[in-house]
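Undergrad: Given next are the chains, with one letter for each unit.
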Amino acid sequence: MSCKLLLSAVGRRRLHKGFAVCGKAFLSSGSPKVCIVGSGPAGFYTAQHLLKAHQNVQVDVYERLPVPFGLVRFGVAPDHPEVKNVINTFTQTAKHPRCSFYGNVNVGEDVSVDELQEAYHAIVLSYGAEGNRSVGVPGEDLPGVYSAKDFVGWYNGLPSCQELRPDLSCETAVILGQGNVALDVARILLSPLDALKKTDITQPALEALAQSRVCRVLIVGRRGPMQVASTIKELREMVNLPGTRPEMVAADFDGLCHILSVCAPPDLPRPRKRLTELMLKTALEMPTEKEQERRKKASRIWGFRFFRSPVEILAEPGCNRVAGVRLAVNKLEGSGEKAQAVLTGEVEDVPCGLVISSIGYRSLPIDPTVPFDSRRAIVPNSMGRVHNAAGLYCSGWLKTGPTGVIATTMNSSFDTARSLLEDVESGKLDVSSAKPGSHMISSLLEKRGVKPVTFSDWEKIDDLETRRGEVSGKPREKILTVAAMLKVAQT
Amino acid sequence: MAASAAARTSIGLTLRFHRVIPDCSKCPLYRLKSCTSNRANPQRRSSFNSFRTMNRHLQTSKCNSNSEDPDDVVNVVFIDRSGKRIPVKGKTGDNVLFLAHKHGIELEGACEASLACSTCHVYVSAAHFDKLPEPEEREDDMLDMAPMLQENSRLACQIVLTPDLDGIELTLPKVTRNFYVDGHVPKPH
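Same order as they appear, the protein sequences are chains C and A.
Quick note: the first sequence, position 429, residue 429 per UniProt numbering, numbers continuous.
Quick note: the second sequence, position 77, residue 77 per UniProt numbering, numbers continuous.
Be aware that a few hints might be false.
Stretch-level coverage of chain C by chain A, calculated; a stretch enters the list once three of its residues show a Cβ under 8 Å from a Cβ in chain A [claimed, not checked]:
1) 140-153
2) 164-170
3) 219-233
4) 440-446
Subject to a maximum C-alpha distance of 30 Å in a straight line, what follows is the list of computed DSS-like cross-link-like pairs (lysine-lysine) [claimed, not checked]:
5) A:K91 with A:K174
6) A:K174 with A:K84
7) C:K428 with C:K487
8) C:K198 with C:K447
9) C:K428 with A:K89
10) C:K273 with A:K131
11) A:K84 with A:K102
12) C:K95 with C:K451
13) A:K174 with C:K273
14) C:K95 with A:K174
15) C:K95 with C:K338
16) C:K447 with C:K95
17) C:K95 with A:K102
18) A:K89 with A:K174
19) A:K174 with A:K102
20) C:K435 with C:K447
21) C:K198 with C:K297
22) C:K338 with A:K174
23) C:K428 with C:K451
24) A:K131 with C:K428
25) C:K331 with C:K297
If you're looking for bench data, these hints aren't it; they were derived computationally from the structure.
Built from N, CA and C at the ideal position, the CB exists for glycine as well.
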């Protein structure tokens, strides 16, 4: 305790001497300053764990947009509001006395990772995956073809996707990919408007969907029913979607009943078993009378198409718009998760006016000094420690690749935090000398004309969005441009 | 592990401000009409302001009677991720996730008991697993997303204490360090 008095009396210049006088105990607890890049679930869960486990760590979270929470705000579907409850947990973390939020700061442009390393003892990169995987076929750039990432960003109010203005005037839409994002897109395209009106879907998206003529959505995958990447909750939502009926190809399910009931591999995981059972029931079972009635009245159709790979996106001759997809027919070699799709040589053309590719997000490198594995599109790491880069860590999709729900990201982030803390404990991460932290970065940003958005600035945006939403019975009416967000935040 | 010890001694300072605000309509107590909380009215999820004003006092008194009646006591042992046994005394009617939070157990509840995540995944002791009511379909669906799913997996936010659960042991899955090499677990998003 006398050390602290010595420090405050003598001032910063004598700080180092003060540490030496106090001895090792004070040194090893230190006051580590950690910077986290990205304020989605990965960033906030890493922050949460660090703050809880270390009494002195200061955590600063930097975010490119003026608003926090990443995919919880911009990725989770509007009709899944409970998933967004995690925002309350993150808000508590942000308001922790040893945590600060700096929005509107673009790491890589406004400030470099090198500068952050000068200012902080450790950096945790958790900026996720803002790019997408390209299908890699001719016609992919035709009007009417969108990535699911952009489509989801559009209806969820991501500022960079507000100019998408997808054309929903056709009847048939083809979604490439069969994961949960594909099902989210299908569900939003086919949901009754009444269901969407009370969500936080953006007003422009709601208006576009009100005019939409899309009434048939095919969700296409290279492999078979036992390889779909989506999960049962989302599939059940499609099966139960009011006003819709399923349209599957019975032959796609040949042999599956047998596999499940007679020779089910003993290690067939429960999730896969339940999911396949639901698909089989939907595709093959004779529906009850009540369900038959419901299906007769349904005006919208959805279905899986299996064993199909896109080879070209087609346009009507002389017309620069998508008119169909050419699909190659596959057969499966092997079984289970490792089964491979092999071309048979057959192709078939599916007419459609909207193509949405939902084959995966992809991380991008943001700073040349950070190692990046462009094949796997992740930052190479072990347990969250970036390879060949002392003081650099990563968590979330940037660390493990762009799959996983909030629970997955939470565990991955806690892991990274644990690695960082172990390194502090062992001395591998040197926190003995004081670092300037946000003071240095704030003055750099000021010189560069960048004005960070604080957490209470965000709360002004939050408050306005919530109040605007109340007018129309929505949880919030999102502000859709960075300029408008900054105006609210900083005036 | 040092981290969890630090966590538990710093309850007053740090993340045990962690609120888990229940969505009463999804709580099994509410559905069974056995909730003794004054807050048993259905929540309107559209009003976020009500969430911001929650405080710890409210958290520790929800879904449990405040009587000191020893017959109400249900002994629960949490086994945290480092294997440490943490015995706590709950009461009949307690929601196990909220009980965990009250005692600083490192069990997340990201969706706040609305059956929209699997972060409160626990393993239930064999002797008590069959005494729990069958999970509803929605709980099973969310359990399917949990890493390291086992036969005795349940979501803590759906477990309500009754006298015959006395002695129940709830183990937090060791989901770190190894989970991402577990080839079996699909990683949906």
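Undergrad: Run every hint past the structure and note whether it holds.
TA: Verification of the hints:
1. 140-153: violated (count 0)
2. 164-170: violated (count 0)
3. 219-233: Result for this restraint: holds, n = 5.
4. 440-446: Since three or more residues must qualify, the claim that chain A covers the segment 440-446 of chain C is violated, with 0 doing so at under 8 Å.
5. A:K91 with A:K174: Holds - the C-alpha atoms of K174 of chain A and K91 of chain A are around 27 Å apart, at most 30 Å.
6. A:K174 with A:K84: With Cα atoms ~12 Å apart, K174 of chain A and K84 of chain A stay inside 30 Å; holds.
7. C:K428 with C:K487: Violated, at about 44 Å.
8. C:K198 with C:K447: 44 Å, violated
9. C:K428 with A:K89: Violated - the C-alpha atoms of K89 of chain A and K428 of chain C are around 41 Å apart, more than 30 Å.
10. C:K273 with A:K131: 25 Å, holds
11. A:K84 with A:K102: 17 Å, holds
12. C:K95 with C:K451: 20 Å, holds
13. A:K174 with C:K273: Cα-Cα ~24 Å, so holds.
14. C:K95 with A:K174: 29 Å, holds
15. C:K95 with C:K338: 45 Å, violated
16. C:K447 with C:K95: 27 Å, holds
17. C:K95 with A:K102: 20 Å, holds
18. A:K89 with A:K174: 24 Å, holds
19. A:K174 with A:K102: 21 Å, holds
20. C:K435 with C:K447: With a Cα-Cα distance of about 20 Å, the restraint between K435 of chain C and K447 of chain C holds, given a limit of 30 Å.
21. C:K198 with C:K297: 24 Å, holds
22. C:K338 with A:K174: 26 Å, holds
23. C:K428 with C:K451: Judged against 30 Å, a Cα distance of about 34 Å means the pair is violated.
24. A:K131 with C:K428: 49 Å, violated
25. C:K331 with C:K297: Judged against 30 Å, a Cα distance of about 35 Å means the pair is violated.
Consistency note: the structure conflicts with the earlier hints numbered 1, 2, 4, 7, 8, 9, 15, 23, 24 and 25.
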